[in-house]
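Protein chains in written order, with this note's numbering: chain U, 1 to 158; chain G, 1001 to 1158.
Derived from the structure by calculation, the hints contain no laboratory data.
Every residue, glycine too, gets a C-beta built ideally from N, C-alpha and C.
Watch out, some of these pointers could steer you wrong.
To be verified - Derived pair list, reagent style BS3-like, types lysine-lysine, alpha-carbon separation capped at 30 Å: (1) U:59 to G:1017; (2) G:1015 to U:15; (3) G:1084 to U:15; (4) U:84 to G:1015; (5) U:42 to G:1015; (6) U:42 to U:59.
Claimed, not checked - Between beta-carbon pairs, the in silico distance windows are: (7) G:1072 to U:122: 48 to 54 Å; (8) G:1015 to U:57: 20 to 26 Å; (9) G:1139 to U:99: 44 to 50 Å; (10) G:1109 to U:117: 41 to 47 Å; (11) G:1098 to U:57: 32 to 38 Å; (12) G:1055 to U:59: 32 to 38 Å; (13) U:136 to G:1122: 46 to 52 Å.
Number of protein chains: 2
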Amino acid sequence: MSVNGLAEEELRIRKIKEGTVIDHITAGHALSVLRILGMAGKDNVVSIAMNVSSHRLGKKDIVKVENRELSAEEVDKIALIAPKATINIIRNYVVVEKQQPKIPKIIRGIVKCDNIMCISNNKEPIQSTFFLEREDPLRLRCYYCNRIMDKTDILRQF
Amino acid sequence: MSVNGLAEEELRIRKIKEGTVIDHITAGHALSVLRILGMAGKDNVVSIAMNVSSHRLGKKDIVKVENRELSAEEVDKIALIAPKATINIIRNYVVVEKQQPKIPKIIRGIVKCDNIMCISNNKEPIQSTFFLEREDPLRLRCYYCNRIMDKTDILRQF
Chain U
1 MSVNGLAEEE LRIRKIKEGT VIDHITAGHA LSVLRILGMA GKDNVVSIAM
51 NVSSHRLGKK DIVKVENREL SAEEVDKIAL IAPKATINII RNYVVVEKQQ
101 PKIPKIIRGI VKCDNIMCIS NNKEPIQSTF FLEREDPLRL RCYYCNRIMD
151 KTDILRQF
Chain G
1001 MSVNGLAEEE LRIRKIKEGT VIDHITAGHA LSVLRILGMA GKDNVVSIAM
1051 NVSSHRLGKK DIVKVENREL SAEEVDKIAL IAPKATINII RNYVVVEKQQ
1101 PKIPKIIRGI VKCDNIMCIS NNKEPIQSTF FLEREDPLRL RCYYCNRIMD
1151 KTDILRQF
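Please work from the sequences and hints to get the whole structure.
See the structure below:
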């Protein structure tokens, strides 16, 4: 039997009525996902399970946010740090939509280039732009200055 | 009916077999409790619920850490930031011990004085020492330099 897309025996955190379940998060990254969602200091009910067993990943984290859906930018950021994540939109206890976020080939405006001399960090009206060179382990290349950024660099920003 | 000390209808995160349940955490402070426990990057299974309803507190957070009990220092730190917290030790699904952590009247060695000139911050073999002036909102006074520290100052250290 499956509730909110998870087998019942895995349900360390209970099913939610309305909201979003982010499952198959790389183990240890749940708190980065919370930061991406800007949940600190918010009133939403959030439940988190960390380091639970997963057939697919060995270990995984899960985040459930009640009464909230995610923006496209939040989904892209989650894809960057948790490329195996699945995002389930829940309405009245039922999964009404399931997304497998994909890292776009070109990543615009959601990661800042670590090179402070990069033109995308100047006052020019230029949006940061990276090419996806590799998904896992993550490797991005800045379109403007060729700076390589890896997952550790990106986690520092989220 | 009560499982792990919580009414079933409150059980946003499921009962655990062995470990520690920290309940009645001031809403929004679950992540500070995780930092106190040094759980980032550890393998323990952790489940967290944030901003859930509580008869006693209005809103509260809960943290459950499997297969781990807390040190006296960790309990004192949790008391400082979540004075209403209750700590339940669970063995084989049963609460075998329930603690209501109390902030000690004299707090030694767990908070650093924010005054960099304070003798407790020098190389002297002196342990930081604070008097508890008020519990909630928290107000501590340094024994050596009389510096007043409040909860915001202390959260920055945890």
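(message) So, against the hints stated earlier in the document, which numbers end up violated here?
(response) none
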